[in-house]
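K.L.:
Sequence:
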Amino acid sequence: MARGGKREGAGRPAGAVTKRTREIADKAATDGITPLEFMLQVLRNDGADIKDRMWAAEKAAPYVHAKLSSIEHRGDLNVTTRTKEERDAIVEAALRADT
Numbered sequence: 001m002a003r004g005g006k007r008e009g010a011g012r013p014a015g016a017v018t019k020r021t022r023e024i025a026d027k028a029a030t031d032g033i034t035p036l037e038f039m040l041q042v043l044r045n046d047g048a049d050i051k052d053r054m055w056a057a058e059k060a061a062p063y064v065h066a067k068l069s070s071i072e073h074r075g076d077l078n079v080t081t082r083t084k085e086e087r088d089a090i091v092e093a094a095l096r097a098d099t
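With UniProt numbering, letter number 75 in the sequence shown gets 75, and the count goes up by one each step, no holes.
One thing to keep in mind: the hints can contain errors.
[To be verified] Here are the computed lysine-lysine pairs in the BS3-like style, where the Cα-Cα straight-line distance is at most 30 Å:
(1) Lys-59 - Lys-19
(2) Lys-19 - Lys-67
(3) Lys-84 - Lys-27
(4) Lys-6 - Lys-27
(5) Lys-67 - Lys-51
(6) Lys-6 - Lys-19
No lab work stands behind these hints: they were computed from the structure.
Let's have the full structure, built from the sequences with the hints guiding it.
P.N.:
This is how it looks when you write it as structure tokens:
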């Protein structure tokens, strides 16, 4: 007899594309242009209204450019304050060692 409750690994994974969705996307790509291609055409059309081009740029951007994620720095920063004279001496020593 079946028992209720969550079972690990059961069902379709979250975010997985169904077979039907994949078939529709493949058919759209082979029969004509994809929605992204259409938006990029609008974006590149110099004769299009600027509002239409801005809309296309906004909608297409997530598919063209990766969204930057924020990170948290973990670790020590060794920030040493040096005078101009100390920095100049370090540069001169490096130049002497380089020749």
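K.L.:
Could you run down the list of hints and mark each one as holding or not?
P.N.:
Going through the hints against the structure:
A threshold of 30 Å between alpha carbons decides the hint, and for Lys-59 with Lys-19 the separation of about 25 Å falls inside it, so the pair holds. Between Lys-19 and Lys-67 the CA atoms are separated by roughly 27 Å; this keeps the pair inside 30 Å, and the hint holds. Of the supplied pair hints, the one linking Lys-84 and Lys-27 is violated, its CA atoms being roughly 66 Å apart against a limit of 30 Å. About 36 Å separates the Cα atoms of Lys-6 and Lys-27, which puts this hinted pair outside 30 Å; it is violated.
Annotation: proposed proximity of Lys-67 to Lys-51 holds, straight-line Cα distance about 23 Å (limit 30 Å). Straight-line distance between C-alpha atoms of Lys-6 and Lys-19 comes to about 24 Å, which keeps the hinted pair within the 30 Å bound.
Comparing the model with each numbered hint stated earlier shows that hints 3 and 4 do not hold.
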